[in-house]
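With chain A fixed as given, assemble chains B, C and D with the ligands onto it according to the hints.
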Amino acid sequence: MTDEEYASVVGLLGRTPRPAELAMYSVMWSEHCSYKSSRTHLGRFPTEAPWVVVGPGENAGVVDLGDGWLAALRIESHNHPSFVEPYQGAATGVGGILRDVFTMGARPVALWDQIRFGPLDDPKNRYLFNGVVAGIAGYGNAVGVPTVGGELEFDDSYTGNPLVNVMCLGLLRRDQLVLGTAGDPDNVAVLLGNATGRDGIGGASVLASASFDETSSDKRPSVQVGDPFEEKKLIEACLELYQRGLVVGVQDLGAAGLSCATSEPAGRAGVGMDVDLDAVHVRETGMTAPELLMSESQERMMAFVSPNRVDEVLAVAAKWEIDGVVVGTVRPGGTLTVRHGGEVVAEVPAASLADDAPRYDRPLARPEWLDRLWEAPARRLEESPDRILLRLLDDPALGSTAWVYEQYDHMLFLNTIIGPGGDASLLRIRGTDKALAVSTDGNGRLCRLDPRRGAARLLFEAALNVAVTGARPLAVVDNLNFGNPEKPTVMWQFRESVEGISEACEALGIPVVGGNVSFYNESEGEDIHPTPVIGLLGLADPVPQRPPHLSRAADGMEIWEIGPMPTGNLAGTSAQRVIHGDLTGRPTAADPAMASRIVGLAAELAHQIPVLHDVSDGGLALAVAEVCIASNVGAAITDVATDLLFSEDPHRLLAVFESGSVTLPDDVSRLVGRMGGETLTLAGSEPIPLTTLRRVYDQAIPRRMSN
Amino acid sequence: MRVAVVVFPGTNCELDVAHALRSLGGEAELVWHRETDLAGFDGVVLPGGFAHGDYLRTGAIARFSPVMGEVMRMAEEGRPVLGICNGFQILCESGLLPGALIANRDLAFICRFVELEVVDTGTVLTGAAEVGQRIKIPLNSYEGNWVDPTQSGRIALRYVDDPNGSQGSAAAVANDLGNVVGIMPHPERGTDELLGSVDGRILLEGFLRSLVPA
Amino acid sequence: MRVTVEITRRPEIADPQGTTIERALHDLGHDEVRSVRVDRVFHLEVAGDDPETVKSRVEEMCRQVLANPVLEDFTVEVGR
Amino acid sequence: MRVTVEITRRPEIADPQGTTIERALHDLGHDEVRSVRVDRVFHLEVAGDDPETVKSRVEEMCRQVLANPVLEDFTVEVGR
Ligand SMILES: Nc1ncnc2c1ncn2[C@@H]1O[C@H](COP(=O)(O)OP(=O)(O)O)[C@@H](O)[C@H]1O
Ligand SMILES: [Mg+2]
Chain A
164 MTDEEYASVV GLLGRTPRPA ELAMYSVMWS EHCSYKSSRT HLGRFPTEAP WVVVGPGENA
224 GVVDLGDGWL AALRIESHNH PSFVEPYQGA ATGVGGILRD VFTMGARPVA LWDQIRFGPL
284 DDPKNRYLFN GVVAGIAGYG NAVGVPTVGG ELEFDDSYTG NPLVNVMCLG LLRRDQLVLG
344 TAGDPDNVAV LLGNATGRDG IGGASVLASA SFDETSSDKR PSVQVGDPFE EKKLIEACLE
404 LYQRGLVVGV QDLGAAGLSC ATSEPAGRAG VGMDVDLDAV HVRETGMTAP ELLMSESQER
464 MMAFVSPNRV DEVLAVAAKW EIDGVVVGTV RPGGTLTVRH GGEVVAEVPA ASLADDAPRY
524 DRPLARPEWL DRLWEAPARR LEESPDRILL RLLDDPALGS TAWVYEQYDH MLFLNTIIGP
584 GGDASLLRIR GTDKALAVST DGNGRLCRLD PRRGAARLLF EAALNVAVTG ARPLAVVDNL
644 NFGNPEKPTV MWQFRESVEG ISEACEALGI PVVGGNVSFY NESEGEDIHP TPVIGLLGLA
704 DPVPQRPPHL SRAADGMEIW EIGPMPTGNL AGTSAQRVIH GDLTGRPTAA DPAMASRIVG
764 LAAELAHQIP VLHDVSDGGL ALAVAEVCIA SNVGAAITDV ATDLLFSEDP HRLLAVFESG
824 SVTLPDDVSR LVGRMGGETL TLAGSEPIPL TTLRRVYDQA IPRRMSN
Chain B
160 MRVAVVVFPG TNCELDVAHA LRSLGGEAEL VWHRETDLAG FDGVVLPGGF AHGDYLRTGA
220 IARFSPVMGE VMRMAEEGRP VLGICNGFQI LCESGLLPGA LIANRDLAFI CRFVELEVVD
280 TGTVLTGAAE VGQRIKIPLN SYEGNWVDPT QSGRIALRYV DDPNGSQGSA AAVANDLGNV
340 VGIMPHPERG TDELLGSVDG RILLEGFLRS LVPA
Chain C
71 MRVTVEITRR PEIADPQGTT IERALHDLGH DEVRSVRVDR VFHLEVAGDD PETVKSRVEE
131 MCRQVLANPV LEDFTVEVGR
Chain D
71 MRVTVEITRR PEIADPQGTT IERALHDLGH DEVRSVRVDR VFHLEVAGDD PETVKSRVEE
131 MCRQVLANPV LEDFTVEVGR
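Chains as they are written, first to last, in my numbering: chain A, 164 to 870; chain B, 160 to 373; chain C, 71 to 150; chain D, 71 to 150.
Just chain A, same shape as in the assembly (with noise of 0.2 Å):
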């Protein structure tokens, strides 16, 4: 907490504020809690539209699906933890998404991930990759949420500094919707879940809100271990209070745990509450009422219960075999009073650990390096396209993610119609003809040369993304992975991603109902990538009969390419990076009237085309080789000059279909091949076997984790 922090509680609390006092406001006001150096430029984003039921500022977004049905969406970050333990970090990241979505009322039926390490020759990183992605698994398979999508992303400028962000998507009827409100006075305040220790004392506000090197080993918490059992009880507990209405509103305990879940719900609602430290249950002796207050024990909610319905909610948490204690009691007025020992450790306005954090307009400016990118076009490709794109698939970031979806469980509740592996994952609503797709998306890369534009070109791809499933659009949730916001360049990456999926959202007509920000993503003082990640929810009304999968194409069916021709433009696309390693130029920007105009054409071919494939990453050659594999099928693709082969420029898709089963708008559309034989032929250059094609894919990560 800074000086003028300090002085501002001083002058809140018209005195010096007591030990518990200055612990809940260092941590409500970090960085992680209060948004403080973001929440001026997130007011950008548009967040209106008439599904919206819940929009940002509660614990996930929710949004209208028909039929009496909501999803509530939401995703997080978690970066430092899990560079500090990659299991136990990334475990501890699934299970607070979790708690965010089921604290809405909503069960939890998908998780995804999207993680980015620095490259796989690197041991550590080697590590954390295994780990990270154990610890998803580990915590994701054994609470019962399938995890059935995600995205993987490897690079450099990521390897002191690994990204972790998890994406959890809620189901829930209408009349179930909770929010994080402590009610009216006398409504008790019930702890479910775990006992507190002194887990991640000031965890989010250490970790997560410094420069990385700062925080050595002696400054950093204690590792939070998960416990997705304890978890997986918490959930079916909370369902059924739900079910029985028997609370008024509840709040999980994440970062700056009770101080959060006392003051957050009692703010929102205009009331005070008095809570009672004694009655908290605990797994270390001798805690202090500060550790108390700040301590991030996983597993974890606080249900605001009117009186008369607390022996019923405590008979629930019995069923389920978990730990209820009343912990405090609402009161009128704003006053949160905390009592440890018998004595007052805490008494100040609930609403000001919320409402009266700081809030930053960090001065911002333009990296001048932008122009030395700019002012060097991305090289031509000279090699054969047969060549190129065998190191593409073994790429690790591009070739077969196999390695790690099927580690994670990612069919339970049986509503997977497509998995990973696809564009977007496509589930099903039971007992309706509707089903929803999510495309996650990120790209540092191309944000980095120009973050307004690969901000928006993310949403673009991620609605595309959708649209071949047969989805429409409907709501974002967004986490913005970025560097130092101290520093002006920073921020000024982080106002242009803004603009950027902003501008995208307003093009599409949706809205962001959610997100998170990380800052501090630095390490050595190198700040990584501006990496914004977004998550797409799409609504499928009604869900295709046979929704296109990349592996439905069969011998004689025609190749199509649909949308904008492409420019010969490599600036940001994998090719440049696996051929030449190089990052220059300028990305091509998006068409926001082609976006919307494509994605809505899509959408009416998913149901009556059996292959319909987003070109996105490794371009055409790539989208073709993925059909190939998947299909079994070889193919030939015409001439089609190398260079455009792998632009990865923007609002194009692959459609395969039989001859004259289907017609295309001309003015976007062109045949470029057929499909047939064993082999790949792209524009008449030596033919690549499927065998060959298929092995590349397979082995690009396990052929590297393997040593």
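Worth flagging that the hints you see were computed from the coordinates, not collected in a lab. All C-beta atoms, glycine included, are put in the ideal place defined by N, C-alpha and C. Careful: at least some of the hints might be erroneous.
30 Å max Cα-Cα, derived DSBU-like pairs, lysine-lysine [claimed, not checked]:
| # | chain 1 | residue 1 | chain 2 | residue 2 |
| --- | --- | --- | --- | --- |
| 1 | B | LYS295 | A | LYS597 |
| 2 | D | LYS125 | A | LYS199 |
| 3 | A | LYS287 | A | LYS597 |
| 4 | A | LYS199 | A | LYS650 |
Simulated DEER-style distance windows between Cβ atoms [as the list claims (entries may be wrong)]:
| # | chain 1 | residue 1 | chain 2 | residue 2 | range |
| --- | --- | --- | --- | --- | --- |
| 5 | D | VAL135 | A | ASP745 | 49 to 57 Å |
| 6 | C | GLY99 | A | ARG550 | 49 to 57 Å |
| 7 | B | GLU194 | A | PRO495 | 29 to 37 Å |
| 8 | B | GLU236 | D | ARG133 | 54 to 62 Å |
| 9 | A | ALA170 | D | ASP97 | 52 to 60 Å |
Then chains B, C and D with the ligands, alone, in the frame of chain A:
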């Protein structure tokens, strides 16, 4: 014909199993692990998941749940008892099936479709299938590696291409009577065209057919 | 009383974990490692004043739940 | 040489498994059990004749793979 689908704390496939059985015309009811009376049920399924977090050993704590007394009784009475994945592990721990399940050979969780071959049709799970028949359903486990020092297990299904090191490539194992069966892959995940396979129906239909009124 | 229980996997039972760790150590150049076995240890704090009684009680817990007789043997040490 | 490595979880780090086992033992009527912690032991067979060298080599292995320095401490005993 009523089937009890037992729910332990940490179980997570109970809804899927109940849904699959019902979609095949079966009558399935969820039963909490503290239940001590399964009278009126003609068969029982222990579904997959992570009972008690798989702590200590997978299935080790669940086997002491109050409901297990009734599961034992039904097994002795020759009634159909099916354990899927974690349920298989619980049946081994409780001694209703021989052997035990240890970590996969490659120490990694495996979630993907696997191909099975029917070896023995004399069990309540394989009664509707034919010897040599191929069945494609999802595997989803970390401890799916079956070991049986006594060599007494009766293998009902085996992996065509052993993914986890299981002894005799066993994917499903039965007791001598054939009324108690444990299977590591998930038949309930293979009951819907939209989700990629309907091969699991052959197994669950066999199970439902084997039920005789209590 | 402090009681230490070591659960050892029977030699004839495969030990994927031990094998994997042995391989990992060799990959790291520790070729001098001939074999690796991984066991579980429980540190119990048990009320009682007669070591013999405590020991037999804990042995009962081992037979009942802590060890799996199909795979494992166990040793119980009181007060270590 | 036989080398025994015991990996112990730092006391301040939560041990959900131990807590769950403790609960289970109570349910089974073993109320005398006050606490349970679960640790790992490695039994290594290592080539070499100087115990000191072997010990320091194994300690290196612990830091590299056997133990997780963030969560665990380790003790190495040669020839037990
Ligand atoms: N970390 C991950 N976890 C699970 N699935 C992943 C992960 N990374 C990639 N995938 C899956 O691999 C497929 C390809 O990922 P991606 O290249 O991001 O797809 P797209 O380019 O269509 O957005 C997607 O289906 C995605 O769900
Ligand atoms: Mg994409």
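Comparing the hints with the structure gives:
no., hint, verdict
1, LYS295/B with LYS597/A, "27 Å, holds"
2, LYS125/D with LYS199/A, "51 Å, violated"
3, LYS287/A with LYS597/A, "44 Å, violated"
4, LYS199/A with LYS650/A, "15 Å, holds"
5, VAL135/D with ASP745/A: 49 to 57 Å, "37 Å, violated"
6, GLY99/C with ARG550/A: 49 to 57 Å, "35 Å, violated"
7, GLU194/B with PRO495/A: 29 to 37 Å, "45 Å, violated"
8, GLU236/B with ARG133/D: 54 to 62 Å, "57 Å, holds"
9, ALA170/A with ASP97/D: 52 to 60 Å, "55 Å, holds"
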